[in-house]
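Participant: With the hints in hand, could you dock these two chains into one complex?
One line per chain: the protein sequences are B and D, in this order.
The first sequence begins at 13 in my numbering and counts up one residue at a time.
The second sequence begins at 652 in my numbering and counts up one residue at a time.
Please keep in mind that the hints were generated in silico from the structure rather than gathered at the bench.
There's no promise every hint is true.
Computed list of lysine to any residue pairs in SDA-like fashion (alpha-carbon distance at most 25 Å, straight line) [claimed, not checked]:
(1) Lys-804/D x Asn-717/D
(2) Lys-367/B x Pro-822/D
(3) Lys-758/D x Leu-148/B
(4) Lys-358/B x Lys-729/D
(5) Lys-358/B x Asn-717/D
(6) Lys-755/D x Leu-550/B
(7) Lys-755/D x Glu-549/B
(8) Lys-804/D x Glu-719/D
(9) Lys-367/B x Asp-807/D
(10) Lys-853/D x Thr-147/B
(11) Lys-786/D x Pro-805/D
(12) Lys-358/B x Asp-807/D
(13) Lys-731/D x Leu-148/B
Just a sample of chain D residues kept apart from chain B, beta carbon distances all over 10 Å, derived [to be verified]:
(14) Gln-695
(15) Arg-741
(16) Val-883
(17) Asn-887
By construction, the Cβ of each residue, glycine as well, lies at the ideal position given by its N, Cα and C atoms.
Below are the chains, spelled out letter by letter.
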Amino acid sequence: MPYISKRNRRKEREVQQALNNRLELVKERFTRRDLIKMGLMTTAGVLIPKSGLTHAQVVSSSYGGGGCYNGCDVGCSPQPNAVFVDPLPIPPQLPSRPLSDPGLQFGAPPQQFPNTAINPATGLRYEGRGQFNGTLRPGTDYFQFFTQYPTQKYFVQRMRSNTTFRITSDTNIPAQTIWGFNLGGSDASDVATFPGPTIVTNYQQPWLVRRFNELPTQSQNGGFGVPEMSTHLHNFHSAPESDGGPCRWFFRGQYFDYYHTAQQAGFASTHQPSGDINESLSTLWYHDHRMDHTAENVYKGLAGFQLIFNQFDTGNETTGFRLPSYPQFDIPIILNDKLLDPATGKICFDTFNFKGLLGDIQLANGRFKPFLSVNKRRYRFRVLNGGPSRYYELFLTDPLSPSTVIPFWVIANDDLLPSPIQVTSIRLGVAERYDIIIDFNQVKNLIGSHTKVRLENRLQQDDGQGPSCNIFSGGQGTYCVEFQIGAAVTDGSVDPATHPQFYQLPSIITPRITRNFKFDRDNGQWVINNRFANCNELRFTIQQNSAENWFLSNPRNDWEHPIHTHLEQHRILRRSNNGGRYSSYSGSSSYSRGGCPFGGGGAGISTQYPGVPNVEVSRKDTTRLQGEEDVTTFSRFRDFVGDYPIHCHNTVHEDHAMMLLFQVQPNVIDNNQYP
Amino acid sequence: MGMTRRTWLAAGVTTAVAGTTGLAGITTLIEQDTPSKQGPFNFQDLSPRELIRRRHLPNVELVTQNSERVHFYDDLVKEKRVVIQFMFARCKDICPVITHHLVKVQKLLNGRVGRDIFFYSVTLSPEEDSPQDLKRYARTHGVGPGWTFLTGKPDDILLLRKSLGFFYNDPKEDADRNNHSGMLVVGTEPLMRWTMCQGGAKPEWIATVIQTEMDAPFHGAVDGIRQADPTVNFQNKQAADGRVPAVHVHKQ
Chain B
13 MPYISKRNRR
23 KEREVQQALN
33 NRLELVKERF
43 TRRDLIKMGL
53 MTTAGVLIPK
63 SGLTHAQVVS
73 SSYGGGGCYN
83 GCDVGCSPQP
93 NAVFVDPLPI
103 PPQLPSRPLS
113 DPGLQFGAPP
123 QQFPNTAINP
133 ATGLRYEGRG
143 QFNGTLRPGT
153 DYFQFFTQYP
163 TQKYFVQRMR
173 SNTTFRITSD
183 TNIPAQTIWG
193 FNLGGSDASD
203 VATFPGPTIV
213 TNYQQPWLVR
223 RFNELPTQSQ
233 NGGFGVPEMS
243 THLHNFHSAP
253 ESDGGPCRWF
263 FRGQYFDYYH
273 TAQQAGFAST
283 HQPSGDINES
293 LSTLWYHDHR
303 MDHTAENVYK
313 GLAGFQLIFN
323 QFDTGNETTG
333 FRLPSYPQFD
343 IPIILNDKLL
353 DPATGKICFD
363 TFNFKGLLGD
373 IQLANGRFKP
383 FLSVNKRRYR
393 FRVLNGGPSR
403 YYELFLTDPL
413 SPSTVIPFWV
423 IANDDLLPSP
433 IQVTSIRLGV
443 AERYDIIIDF
453 NQVKNLIGSH
463 TKVRLENRLQ
473 QDDGQGPSCN
483 IFSGGQGTYC
493 VEFQIGAAVT
503 DGSVDPATHP
513 QFYQLPSIIT
523 PRITRNFKFD
533 RDNGQWVINN
543 RFANCNELRF
553 TIQQNSAENW
563 FLSNPRNDWE
573 HPIHTHLEQH
583 RILRRSNNGG
593 RYSSYSGSSS
603 YSRGGCPFGG
613 GGAGISTQYP
623 GVPNVEVSRK
633 DTTRLQGEED
643 VTTFSRFRDF
653 VGDYPIHCHN
663 TVHEDHAMML
673 LFQVQPNVID
683 NNQYP
Chain D
652 MGMTRRTWLA
662 AGVTTAVAGT
672 TGLAGITTLI
682 EQDTPSKQGP
692 FNFQDLSPRE
702 LIRRRHLPNV
712 ELVTQNSERV
722 HFYDDLVKEK
732 RVVIQFMFAR
742 CKDICPVITH
752 HLVKVQKLLN
762 GRVGRDIFFY
772 SVTLSPEEDS
782 PQDLKRYART
792 HGVGPGWTFL
802 TGKPDDILLL
812 RKSLGFFYND
822 PKEDADRNNH
832 SGMLVVGTEP
842 LMRWTMCQGG
852 AKPEWIATVI
862 QTEMDAPFHG
872 AVDGIRQADP
882 TVNFQNKQAA
892 DGRVPAVHVH
902 KQ
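Same shape as in the complex, but just chain D (with noise of 0.2 Å):
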């Protein structure tokens, strides 16, 4: 599977000039590396946690609302805890509901968010929304430290959205940014453990499935191992006193 961009935009270029009839040359490059439908197959011994990165977790770089560049999965979730969601700057319906909820429920996880709980934002009009938009965006909502907006290439936000599964088949439904606007993902990355969250529900209960998604696996532990493999890493941020944040434990 060693195929660069390099060789495939070569052949998406002898495609052009060959017409219809070009496939067979591509095809021919394509099927030294395409494992049959049937046996016996070349199966490879990769981690289910690569697989979700390679099909989820684009590696595309965004521009951050401070103009900063950062790619999605090496800066942004890569060994984290993370809630992404989208949303426009002129968007006048459902994403400043979206962000009242949001800010309500990152003043509810009590000083996690930006320390082991990241958010972001990322714009689903990447050709209007420039970093100062967003800034101006999450200043109106008064969202707080560690909570990161994004915009991007048109084509790299498009991949990303689709990527964490922001689409629909209609094409006029998926042309709809309010369609993609009111759900939340809720990840924990090294721990291949994602879901959905509704951005409508109440903040409370946001906050209450954020906290539980990020910290029943630490919950306790069996013969001496914690839910969690100890060996997974998390990149979390000393809070502003130096203090190393806590893992939160339900009260028993």
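Just chain B, with the same shape it has in the complex (with noise of 0.2 Å):
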């Protein structure tokens, strides 16, 4: 059912039109009352069909019921006109470096402990290992494993500021600015990009990174970011001061070495010496953490994929599993929406904001509605929602025959399922992925004459709490890329409809303990259990190298959270996925997200897990909590030792800020239930 049932189109564009005036309105110190009063706005919300926009993006305001009040909001950003006519980016790979490349020279070469030699050109330490919150805190900053398992492959990244970054070939909008990752150089050629390159490793082949900042100053920031960062690897099993976590961030003009063993989990304790083979992590992604100010900075373009292969997840669809080749039919894609200034055409970002932020101007991988031409075989796309706070259910629709159903294959939901899963849709929470196989020679049949589908996300979301329970008919959503299908050639990738075996899941134990998080709100506060996020405090210890179950819930129907838990992996074991009534306000229709329980693509729910979606039963990172539901989850925490978030990864939430910090110790017992 379309959202607006009766529209009067030439006075919505003129309510609009007005709108578009806040700037000058502001200055002139209206208020909306006097809005109201004038006519220009409708107390119930306005509501913006137009060209370039489409249902799902046609909202009220984050500014409660306003349009353009705001400048940078939703309706107001001046939309492209360059439509599936731009190619889709593919991010270069990020080449391995001799470690007598100058980068990894610097200062001095990769150590165990951090380089905390002052550089005189700085008057900072070279390195920012070791920082904590940005000051110096010893004993957490040495890279554990680091002789047991030597590096083999050595990476160097830049981040700096490009500003002459496209987002579209419509040369009516201007070039941006963004923040990003660079190949490695030192050149100033070697400019930044968004995505960032893309990261290829290994299993079993120890790697470091070594990350530059070097960003603008402060007062260069556009508008919104700020160059202090903490790079995180999103799922990879990694220690504490490599992971990348929210309060170890780092200074401009220092570097941060980022090590990884590269073994599966378990490799320390389960599964000596090289971890357990289904426990093999895939489809990866880094991004910047920086506590208070991930949204902003992610937002600004600090983000890119990390793929890990092993000798089963090959890259090469002869071998192993036989999944498409990488990179020819192996594609990550990156989904963003965001906002056009409209008095500026640059990217803009509300950094008042503080509960969730959506945007009109719909990206994959850093480009406008682009489109790739494909052959008719098979593909694997890692599908990644980047953020920073709408959801997806993403559909392939024929914008010719949009009733056409053409249906997909699940191989990964943020890692591989034991087998995959045909499905019509998948829904990704922010951060989360999904490994989808698309069978273009199956869809041209489908679609028969007809020569393209589209990535649609059909779900409806009003404002960046959590989306709405709507989903729209084909062709009513928001089209995302668009696949222009060629002619058939060699394809010796397996076909998901042999249901080939992948990993197994790994086992479920008898957990030590099971711990409770509410994740809530205070007083216009986030809150985990009714207490604050705060770096030097270290909520509970989990008994390094034992399980636990989880019990995660949400009280409020109005919201959703998709909650990432660092370290280890998840398994859902049970999902309430009724939709609760319970209203903590209103009550009313409107502003509930309850009563909408998540179908799982039309693959229908487990008979196993209760309430869990068939393509849920997989290896999770991050999970959506909905509205007034609860889900029980179960992990274990091997190997490593020392701190790790949980946190909300729509990542406004994120940064005001729905986090709380463990930690990992041997031989502690705590017990806490509630921590």
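Facilitator: Dropping the structure here:
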């Protein structure tokens, strides 16, 4: 059912145009009440259908029903007119470097303990490792297992500003300034891009990335962005000193070495010496994690993919699991929604929004509505929701026949499933990844003489708090990428319909303890178990190499939270998936997210794990906590010691500050069930 | 974009008289000023700092607890490091807790509040909170110097609250004043660095966040250029003993 049943397009357009003048209004000190008095704004909220915007993006503003009242807001962005004419950018692969590379020799070559010598050019320590919330905290900074697993591959990345970045070929839209990662070279010609270069690594080949913070000064941030960096490798089994946690940020002018053992979880505990093959990770991403500033920094461009291959997931479709070959037929896609400032045409970010930020400029790999030429064969797409706050329900749509149902295969939900599952859609909260297989040969058979299908987000979402219950009908949502189907070519990849088996799910054992985490609000502040985020407070201690159940609950029906856990993945054992009717405030249906259980993309609910969709019987690192829902997870906590966060990955909620820190230590028994 | 308040009000009168059909008349006025949704556009070369000022830092007139008239942007925020929160004097639950935390934070900041960091508490109940009420509230809670309590015209307070991000889409949620009393806006205006901090957190942590926000931009230098542009002005006040405030630097 369309969101707007009766529309007076002309009137709405007029109202919209009026609201564009908010800059003037603020200067003239008009209030919203003035506007309503003047008939320029409706009290119920202004809905703005217009060219370039689709139903899914036509929403009441985050300003409480005021369209462009805030300028940098949904419905205000100037729309590029280049739709499906720009090719989908494929991020370059980050080259590895010899240890003799000047970047790796700068200050001192990588070493187990951080290089705390002072760089005379900056007055700062050369390396930022060991700094905790900006000040030195020795003891949690040396690389665990550094000598047992010698580094085999070295990489360098430099975070820089790029002032000539384009989101579209439409020259009416100006070049943008982004902050991003480059290919590691020191030359000025080695510019930062978004997405950052893809880091391709292999299991059992320990790697180290040296990242330089070469960002501009704070006063050159263009309105948002803080040049203090902590680069998190999302979902890798990392030691805390290399995890890129929220409190481990480093300054402009410093570097930070991130070392990874490249072993599967369990390598120093349950499955020595190289870990549990069934804990192999495949699609990861790296992104800034600076406490209180993650949302704006990632929005600014500080994110990229990392892929990890092994003897089964090889990147070669003639070996192992025979998944489509990287890079020709294995393509990462990061989805982001942005806002363009109506006054300047530049990407803008509202740093005063703490509820969640939506955009009306849909990007895929940093490009506005791009296309990809594909052959009639199978492709693996690694689809990532790059945030900051939007949820996606992605379908394949034939734009000439939008009601045609086009199935595809899920092979990974955060990580590889035991076997492919056929679906008609996938649901992604921020930071979730789905690896999907699209067989364009079969798609072509379904769409007949047509040659294009598009990835379409049909989930209605009206504000940054969470999605609605409504799924638009085909063609009424937001198109993200167009696939233009060409000739048939050889396809050596496995056919998901033959039910190939991948990794088994790791076994579930009796947990040592069940802990409870309530994700809530308190006087406008985010809280977990009614307590607040604090870098200096480790809320509970997990006994090293033990297993725990976590009971995650969301008492509110008007907010949704994608909950991300560091260190180890989790399994979802139970989802209430009921959608409550409780409303803390109005109880009005327009603000209720309850009552809309997640259907699992047409693939049904598990018979073994109550309420858990079959596509979520997987290894997860980020789990959506729907309105008034509770979810039970299971995790082991192995190998490393030290501190890690749990947090909401709606990056705006994360920043303000729905987060806690825990630690893993040997021989400590902490039985706090409500930490 | 040269529309004046007078023009707008005139347009409003037209609407009131002509009813719904009067919108067309207004639109004619507006269309001349409004960029279209698809190019070519008439983009302006506005600095991001200026855009933040226009959108989030309205120059509304406020009244302090000492009955002084001040303008929010010009007098309180421009070229300053600030912490802003909302409260109301008769608030029984959350506000006293947050105020109590901030009193401790003020002490932890060791004389910086009023010197190079400024605290502002704005009432959510301008109809009932007089400057004297706010002064009494401040005295009751042991608020130190350099921390200003503010009231003003209800419409101005509403605009200020919403511009700073303290609002909800749900009208009932928005009408609950307690919902706007927990968070602190922490900002360094000339550097366009803004975030929010949880007022319910431990005072030691709030003080750490504030100091980090204020001082990290001055930490170290690269190629002789400090994190913050040296040409950016700060309106700091000299301490009573006449010494110029030093920028706090973390110990190496």
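Participant: For every hint, state whether the structure bears it out.
Facilitator: So, going through the hints one by one against the coordinates:
For the hint linking Lys-804/D to Asn-717/D, the alpha-carbon distance of about 16 Å falls within 25 Å, and the restraint holds. Distance check on the hinted pair: Lys-367/B and Pro-822/D sit about 15 Å apart at the alpha-carbon level, within 25 Å; holds. Proximity of Lys-758/D to Leu-148/B is assessed by CA-CA distance (about 24 Å); at most 25 Å being required, the pair is judged to hold. Of the pairs offered as hints, the one joining Lys-358/B and Lys-729/D holds, with about 24 Å between alpha carbons and a cut-off of 25 Å not exceeded.
Of the supplied pair hints, the one linking Lys-358/B and Asn-717/D is violated, its CA atoms being roughly 42 Å apart against a limit of 25 Å. Using a Cα cut-off of 25 Å, the hinted pair Lys-755/D and Leu-550/B holds, with the two alpha carbons roughly 22 Å apart. In summary, the hint linking Lys-755/D to Glu-549/B is supported, as the alpha carbons are separated by about 18 Å, within the 25 Å threshold. About 14 Å separates the Cα atoms of Lys-804/D and Glu-719/D, which keeps this hinted pair within 25 Å; it holds.
A threshold of 25 Å between alpha carbons decides the hint, and for Lys-367/B with Asp-807/D the separation of about 23 Å falls inside it, so the pair holds. As the CA atoms of Lys-853/D and Thr-147/B are separated by approximately 19 Å, the hinted pair is consistent with the 25 Å bound. A hinted pair counts as satisfied when its Cα atoms are at most 25 Å apart, and Lys-786/D with Pro-805/D qualifies at roughly 19 Å. Restraint check for Lys-358/B and Asp-807/D: not satisfied, since their Cα atoms lie roughly 29 Å apart, outside the 25 Å limit.
In summary, the hint linking Lys-731/D to Leu-148/B is not supported, as the alpha carbons are separated by about 28 Å, beyond the 25 Å threshold. Distance check for Gln-695/D against chain B: the nearest CB is about 5 Å away, which does not clear 10 Å, and the non-interface claim fails. For Arg-741/D, the shortest C-beta to C-beta distance to chain B comes to about 16 Å, beyond the 10 Å cut-off, and the non-interface label holds. Annotated as non-interface, Val-883/D brings its C-beta within 10 Å of a C-beta of chain B; the closest such distance is 5 Å.
Interface exclusion of Asn-887/D from chain B stands, the closest Cβ pair being 16 Å apart, more than 10 Å.
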